[in-house]
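Here is how the chains run, residue by residue.
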Amino acid sequence: MDISVGLSTEKDPVSAAIEATKLASIKIHEEKISLAIVFSSIDLSYPKLLKTITISLERPVPIVGCSGAAIISNQGVFKHGVVVMLLSFSKDVYFKSACVKNIKTKTALKAGIELGDSLLYGFKNAHRLLSLIFSDGLIDEGSNLIAGLQGRLGKSFPLVGASAADDMRFLKTYLYFNQELLKDSAIGILWGGKLNFGLGIKHGWKPLGKPRTVTKSRGNIVYEIDGAAAIKIYEEYLNRNPAELKKDLRRISVLYPIGIYIPGEEEYLLRNILSMEDNGSLRCQGNVNEGSSVRLMIGTRESCLNATRAAVNEAKKRLLDANIGFKKRQGMKNFVLVLESASRYILLRREINKELEIIKKGLGEDTPIIGLCTYGEQAPLRAISYQGQAYFHNQTIAILTIGG
Amino acid sequence: MYNLAYLVSIFGVIGLFIIFFLAWMLIRKIDKMKKLQMTVNKLKKALEEMDEQAKLIVRTDMELNKIQEELDKKIIGLYALQKISRAISTTLQENQIFKRIEVDYLQDLGFEKACGFLWSDKENKFIPHLNVGYLIDEIEMISSQIDLDKKLYLNLIKSEKTISSISKLPGAGLGDKINHIFMVKFFVISPILPREGNQGFFFVGTENTDVVLTEGDEELITILSNQIGQVLENARLFEKTWLAHNELEEKVEERTRQVTMALEEVKNVSKRKSDFISSVSHELRTPLTSIKGYAAILLEEKLGSLPQAVKERLAKINRHSDELVQMVNGLLDIARIESGKMTMKIEERDLKDIIDSASDLILIQCKNKDIKLASDIQKDLPRVLADRIQAERIFINLLGNAVKFTPEKGQITIRARKKDDAVQVDIQDTGVGIPPDALPRIFDEFYRVDNPINEQVKGTGLGLSLVRHIIEAHKGKIWVDSKPGKGSTFSFTLPVE
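Residue numbers (our numbering), protein chains in the order written: chain A, 131 to 534; chain B, 71 to 567.
Don't read these hints as lab results, they were simulated from the structure.
Hints are not guaranteed to be accurate.
Simulated restraints on C-beta separations [said to hold, decoys possible]:
1) B:Ala93 x A:Gly394: 42 to 50 Å
2) B:Val110 x A:Tyr251: 54 to 62 Å
3) B:Leu224 x A:Asn308: 57 to 65 Å
4) B:Ile80 x A:Gly394: 24 to 32 Å
5) A:Gly394 x B:Val110: 21 to 29 Å
6) A:Asn419 x B:Val110: 48 to 56 Å
7) A:Gly281 x B:Arg98: 51 to 59 Å
8) A:Lys236 x B:Ile206: 40 to 48 Å
9) B:Ser159 x A:Asn308: 31 to 39 Å
10) B:Ile206 x A:Asn419: 36 to 44 Å
11) B:Lys195 x A:Lys236: 52 to 60 Å
From the three backbone atoms N, C-alpha and C, an ideal C-beta is built for every residue, glycine too.
Isolated chain A, as found in the complex (with noise of 0.2 Å):
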């Protein structure tokens, strides 16, 4: 496999374009290119983003990706600017990649299955390895989304995903699909053959104060807690009255989500809250079931920057497990896929770049890293390879290592 990335913070998406795909072109061989990732911030997501990175490669490649609250490459995390990776693959390696659109209309559900059909379209007969999908980070349902692509690709099948993410507006986001610019979508990729992988997720957030009960819930909004409008637990804790936390609810779960307890996990699942409804009831960015034991979650800088370290190791760990019994060949490469909660951006602020430093040592300086702030991440709770069920997560880090 050979994989080079460019990346570039001028302001004008065509500039932005030619600088990052011809940085990354630069290191590669134009003939072989197979597959391009691509994030961009918001402000430089239009067509002809994606137009000038074709017109640049000067012939059609498969283009994936989308845009994130920041973008993440080996030289830094910015919050303006596009990262292009460009990668070629051996000819034992099968991918395809595939989108559904307008997912409102068809019901996340829906559109996870028929996600997973036109992925596994085709697919030859190899082995199939892991998935990656990107999706709108505006639907509400981005755990039905997953369900429905587990339906198709099996449920413990590794499967590794973002939700794109705009700048902390919440207003629009979008996937990129060969040429196109998508709102309302899915995007994924299947991969087989020669790979090999490891994933490490973390979020480093704690349970704070006693467990509550789920008692009344549907998909992702939460009616009561413990028999009480579900807001209370916010009202209780942070000591504010409904119409303030109105207004900041967004913002402060940031700080303090949910923690749902899943047994025999290390980690509570996580969950932002989105909008709170008038009656008390709270919107959350996936889906909380009813019954589920919730806590109110805290979070430091140091505890986030422990989880980072905790993922790489993990990442890294579960790659060399993968590569034991792999006969080692000449060029064997891994690259890193960092997919970074936005809200961790918002926490970390300037020492952001710290976490870039502990991810590069622990995984080599020289290793290209492209990554994004994502609205959501999607990946197994404990990364086993081939057993952990995938979960809407928020607030983690996902750091996916690809090598062959």
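Fit chain B to the given chain A structure using the hints.
Relative to chain A, chain B alone:
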């Protein structure tokens, strides 16, 4: 029977015992349950207490986060402020100042919209100078709204105070009005107060409802508008100085022009003088030649013998005519050199040859007065660039003067040395010397030093002037060093290649 009764009683005792035992067990269980309940209650209380603590922790943490956020915002804001300051303070052109405030910097300060207005006395209205984040027609609309309410903004400038969405505003509903006019949700307006020229105000705002405006924002914007005021003031002062400087320069140019014209005039006059002298001299020479010719014929008595008295008079006429011819020739030479009409063949020449041939000519005069003529010429002296005839004239004139003003048994020394790009020649005598007041005029035409020798010996007063002209035509210099009674040293230079 007995046995039965016995058995019954035994069972009764056992039953009773069991009952007692069970009762005892029950009491113990109840006791244990009570204790457990107490523990549960204790734990419940502890949990509730911990939950209360958790609430305290969350609230404190939230407070800390808020402070941290504020701090981060301030740091980023300060960085942005520093960048803007640097950008605007590196220009001294008023129209460039506002152009340098970039949208990126403002976004770092937390605002995506900004405009700046300066009051114009001439037009009696506010003129927009800065526009960030607005379309052209939007800024025109804002301008017209401001124009309708100019008193409000003028008062704001007068009050020298910053106002914002969070400050106490002078009028009810003013905040909403400003939000409406500028199409924002939050704003800060700060006066721009340069001490020089027109004042104005600086507006920043955001449409983002998530923004929490703080006093810190107000402070930063106040600092920024102060900075803009300062820079405007500097630019205007610079402009003033620049104008004054230009005016001065124009004056200097004008004066220079006048002086140049005057100089030109002087040159013209001088040229006319030379032309005049030249033509007059020519005119004089013709009759002089006749006078001299006729006098010579008469003296030779070819037309008959003359009485002694007539002869003596004729000899006088002849001598005076010679002097006049000499004078006219000298004048002609000077005029020719001045007008550049003198043809000189400037080539590399051996100065020693020239000195030798000039010395030969002067040797007899020296012998007559018993004056010692010495020469001290540097060996391997480089060749000089000179016209042979004119160079000889220099020596003949200077040596002639030396002999003339040196008493008997005196000494004349000729020295020649290389100095820089030239050869310097010194002609030193032990003569009467020149009084200091005469030194500055010694090379002027017709100037003759007032001394007994000059009274006895006639001269034209053109010799040194001619020498000076010849040397200057060779791009050399001449000067004199003299003390009365101690002799004089005439020095001059001739260029070498």
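Hint check results:
{"no.": "1", "hint": "B:Ala93 x A:Gly394: 42 to 50 Å", "result": "holds, 46 Å"}
{"no.": "2", "hint": "B:Val110 x A:Tyr251: 54 to 62 Å", "result": "holds, 59 Å"}
{"no.": "3", "hint": "B:Leu224 x A:Asn308: 57 to 65 Å", "result": "holds, 58 Å"}
{"no.": "4", "hint": "B:Ile80 x A:Gly394: 24 to 32 Å", "result": "violated, 59 Å"}
{"no.": "5", "hint": "A:Gly394 x B:Val110: 21 to 29 Å", "result": "holds, 27 Å"}
{"no.": "6", "hint": "A:Asn419 x B:Val110: 48 to 56 Å", "result": "violated, 28 Å"}
{"no.": "7", "hint": "A:Gly281 x B:Arg98: 51 to 59 Å", "result": "holds, 57 Å"}
{"no.": "8", "hint": "A:Lys236 x B:Ile206: 40 to 48 Å", "result": "holds, 43 Å"}
{"no.": "9", "hint": "B:Ser159 x A:Asn308: 31 to 39 Å", "result": "violated, 49 Å"}
{"no.": "10", "hint": "B:Ile206 x A:Asn419: 36 to 44 Å", "result": "violated, 54 Å"}
{"no.": "11", "hint": "B:Lys195 x A:Lys236: 52 to 60 Å", "result": "holds, 57 Å"}
Checked against the numbered hints given earlier, the structure breaks hints 4, 6, 9, 10 and satisfies all the rest.
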